[in-house]
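*Asks:* Here's the letter readout for the chains.
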Amino acid sequence: MNEAVIATEVALEVKNSDIFYGDFKAVLNLSMAYHHREITALIGPSGCGKSTLLRSLNRMNDLIPGTKITGEYLFQGKNIYDSDVDPVQVRRWIGMVFQKPNPFPKTIYENVAWGARINGYQGDLEELVVTSIQRVALWDEVKDKLHKPALALSGGQQQRLCIARTIAVKPEIVLMDEPTSALDPISTAKIEDLLDELKKTYTIIIVTHNMQQAGRVSDKAAFMLNGVLEEFGPTDQIFFNPKNPKTEAYISGRFG
Amino acid sequence: MREHFAQELESIHQDVLRMAVLVEENILKARKALLEQDAKLAKEVIADDQKVNTLELSITDRCVLFIATEQPVASDLRRIVACLKAVSDIERIGDYAVHAAKRAKELSDEKYIKPLIDIPKMLVLGGEMLRDAVNSMINVDPSLARKTAQRDEDMDNLNKQVYRELLSLMLEDKDNIKQATKLLFLSRFLERMGDHAVNICSWTLYAVQGEHEDL
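From first to last, the protein sequence lines are chains S and G.
Quick note on the numbering used here: the first sequence kicks off at 1 and runs consecutively.
Quick note on the numbering used here: the second sequence kicks off at 1 and runs consecutively.
Any given hint could be a false lead.
Derived SDA-like pairs: lysine to any residue, alpha-carbon spacing no greater than 20 Å straight-line [what the hints assert, rightly or not]:
#1 S:Lys246 - G:His99
#2 S:Lys243 - G:Asp141
#3 G:Lys121 - G:His99
#4 S:Lys246 - G:Lys121
#5 S:Lys243 - G:Ser75
Think of the hints as simulated: they come from the structure by calculation, not from any bench.
All figures in this text were calculated on a predicted structure; none of them were measured in a lab.
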């Protein structure tokens, strides 16, 4: 994609989407746009549909039997659910980082090189691995043990490694499903600093249960309840002066 | 949910109310001390101001701790910030009661150059404005806040009236100048009570609306 895209341009847009698991409607008639180089936080109580929505953004829900998704998911003007779109390609454009760090049981180096290699990366693989690890601020901690098992790293280091693995395939958008919920406060702070850095290049959509984190890291926040997008707006407004009383009740901990 | 959160917020508001009641009592005592030229009562007001100052600091500490530990957002956050701002206004109003008490002490053995009429009225008005402003904040009542703020005009008019009278007394007889100057300063201080009450009303509206409104 063109490097010169302006920050306000839409990176991904969902239009009138319902998401079903069998007969259960998990997301109802949702429309929203995610903008380039912005961090959007999806918040809401457990079961509100935010993780379902997140997984629909790169067709991860295709892997769950009985899932039905309607509406449009427009990425670069194309519906990613069109029959001629390869879901594997979608997941290259739109990467995902999970709640629990899940490095492959391989070396640190191989974890980052893996995606690029199976995609037939033509450039300097070594350089790609190094820059990806540097970009997630992990380099100083692992530079002397690149060929040691990734699983020997701490949880926070593993999560940064997973982010490095995700960005090594050069996605446009990075989805994050509660990326710090399994981490201690120091590792969490490192990931949050990293988000600030990554948003210079990527569009980030993050699901979080941590209200303070949503307030700290995101540019926009979306509050979902029972599958409905109740309120979506600038984070400052959502946390300081939400328009919807349900949003206010949730973010101030009165329910959820 | 968040019982402790709600209780603590309520308890901080109760402290703000307690502080305002203390200041209002001091204002009325200062008025009495002026009217009855009661130096002993005036000293009491001056000493009581220490309690007001202590309360201001303890409420400030509680608000800061509340923000640090409970991380309030949205209207809860706005209400706690409004409390933080309002206590400094209440404290200033308390200082003006002390000014009145100090003048009462100084003038307790002097004959007044005129019967005090408007200055005691200003003290009553200041006390009422303070009470209503703080009530509007605690009861989240924007219409009371706006109504209270409008009364500042009465306060300004009383101040002008005092100025006119004292000016003519000074023109009549230069021996009046010394006492008249003291009373003029006092009137000016009391007029400021109204402004601080208006500030509290503005913070009420800020807490309710999430934006600043000119009053």
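*Asks:* Work down the list of hints and note, for each, if the structure agrees.
*Replies:* To see whether the hints hold, each was checked on the structure:
no.: 1; hint: S:Lys246 - G:His99; in the structure: violated (48 Å)
no.: 2; hint: S:Lys243 - G:Asp141; in the structure: holds (19 Å)
no.: 3; hint: G:Lys121 - G:His99; in the structure: holds (16 Å)
no.: 4; hint: S:Lys246 - G:Lys121; in the structure: violated (47 Å)
no.: 5; hint: S:Lys243 - G:Ser75; in the structure: holds (11 Å)
Checked against the numbered hints given earlier, the structure breaks hints 1 and 4 and satisfies all the rest.
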